[in-house]
Amino acid sequence: DVKVTQSSRYLVKRTGEKVFLECVQDMDHENMFWYRQDPGLGLRLIYFSYDVKMKEKGDIPEGYSVSREKKERFSLILESASTNQTSMYLCASRNAGWGESGEQYFGPGTRLTVT
Amino acid sequence: GDSVTQMEGPVTLSEEAFLTINCTYTATGYPSLFWYVQYPGEGLQLLLKATKADDKGSNKGFEATYRKETTSFHLEKGSVQVSDSAVYFCALWSIIQGAQKLVFGQGTRLTINP
Numbered sequence: 002d003v004k005v006t007q008s009s010r011y012l013v014k015r016t017g018e019k020v021f022l023e024c025v026q027d028m029d030h031e032n033m034f035w036y037r038q039d040p041g042l043g044l045r046l047i048y049f050s051y052d053v054k055m056k057e058k059g060d061i062p063e064g065y066s067v068s069r070e071k072k073e074r075f076s077l078i079l080e081s082a083s084t085n086q087t088s089m090y091l092c093a094s095r096n097a098g099w100g101e102s103g104e105q106y107f108g109p110g111t112r113l114t115v116t
Numbered sequence: 002g003d004s005v006t007q008m009e010g011p012v013t014l015s016e017e018a019f020l021t022i023n024c025t026y027t028a029t030g031y032p033s034l035f036w037y038v039q040y041p042g043e044g045l046q047l048l049l050k051a052t053k054a055d056d057k058g059s060n061k062g063f064e065a066t067y068r069k070e071t072t073s074f075h076l077e078k079g080s081v082q083v084s085d086s087a088v089y090f091c092a093l094w095s096i097i098q099g100a101q102k103l104v105f106g107q108g109t110r111l112t113i114n115p
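Chains as they are written, first to last, in the working numbering: chain A, 2 to 116; chain B, 2 to 115.
Honestly, the hints are just simulated from the structure, not real lab data.
Hints are supplied without guarantee of correctness; some may be wrong.
To be verified - Label pairs and their calculated CB-CB ranges:
#1 K53/B with T116/A: 45 to 51 Å
#2 E70/B with R74/A: 40 to 46 Å
#3 L14/B with I61/A: 29 to 35 Å
#4 V83/B with K71/A: 39 to 45 Å
#5 G17/A with K53/B: 48 to 54 Å
#6 F19/B with T116/A: 40 to 46 Å
#7 E9/B with D27/A: 46 to 52 Å
#8 M28/A with G30/B: 26 to 32 Å
#9 E43/B with R74/A: 38 to 44 Å
#10 R15/A with S15/B: 43 to 49 Å
Given the structure is predicted, the values throughout are model-derived calculations rather than measurements.
Just so it is clear, CB atoms sit at the ideal spot from N, CA and C, and this is done for glycine as well.
Model the full structure from these sequences, guided by the hints.
Here it is in structure tokens:
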């Protein structure tokens with residue numbers, strides 16, 4: 002059974018804290034993604050990675066960074082958390098090569114509240 | 002850029018009713034199209050997909066047909082169950098300027114009453 006796991010289901014942090022959200026996949030996928038989900042806005046892509054050590058900005062990268070030191074792990078970092086980063090964060094991995102649509106597998110999400 | 006528009010929610014139906022959730026898209030070329038479903042407290046799961054015009058994706062009694070002429074991919078089910086209550090997302094696979102990604106609609110919350 003394919004698995005994408007996220008380190009926390011719920012997280013509460015204070016404004017200004019550095020926050021790490023961890024994502025691990027056990028499917029040997031090369032591509033991994035971080036999204037945030039907000040009511041009425043659907044999912045918006047923050048960052049993605051095609052391979053180890055690689056990262057690309059998505060549609061809303063401001064205030065975030067990422068790290069991919071190993072193929073199975075993709076971390077999202079909030080350098081200085083702000084209240085407008087309160088959201089549901091979803092990690093995904095993908096099983097296809099360049100130009101192929103494939104299928105994305107999602108983790109259960111981390112609901113982050115910044116107070 | 003590429004975009005997806007879904008019908009506004011929430012949608013509330015009675016069990017065994019017919020379901021349609023509208024989805025239209027704007028894209029360069031002919032992208033692959035997807036429906037994802039998010040059950041309460043869970044991440045998204047792929048429900049069905051279609052990769053070219055006139056393809057019909059189907060799964061768990063749900064169907065959607067890739068309509069190039071109307072740029073649509075409406076989700077349908079003939080008889081819904083309480084267990085179908087979830088949020089449904091339409092999405093397309095976009096390849097623009099060397100970057101490839103899923104572009105999602107805003108989601109439609111579906112509630113089925115017994």
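Here's how the hints hold up against the structure:
1. K53/B with T116/A: 45 to 51 Å: For T116/A against K53/B, whose Cβ atoms are near 48 Å apart, the range 45 to 51 Å holds.
2. E70/B with R74/A: 40 to 46 Å: At roughly 44 Å between Cβ atoms, R74/A and E70/B fall inside 40 to 46 Å, so the hint holds.
3. L14/B with I61/A: 29 to 35 Å: At 33 Å between Cβs, range holds.
4. V83/B with K71/A: 39 to 45 Å: holds (42 Å)
5. G17/A with K53/B: 48 to 54 Å: Cβ of G17/A to Cβ of K53/B: about 49 Å, so the range 48 to 54 Å holds.
6. F19/B with T116/A: 40 to 46 Å: holds (44 Å)
7. E9/B with D27/A: 46 to 52 Å: At roughly 37 Å between Cβ atoms, D27/A and E9/B fall outside 46 to 52 Å, so the hint is violated.
8. M28/A with G30/B: 26 to 32 Å: Once the Cβ atoms are compared, 28 Å apart, the range 26 to 32 Å for G30/B and M28/A holds.
9. E43/B with R74/A: 38 to 44 Å: Taking Cβ atoms as reference, E43/B and R74/A lie about 21 Å apart, which means the hint is violated.
10. R15/A with S15/B: 43 to 49 Å: holds (45 Å)
Checked against the numbered hints above, the structure violates hints 7 and 9; every other hint is satisfied.
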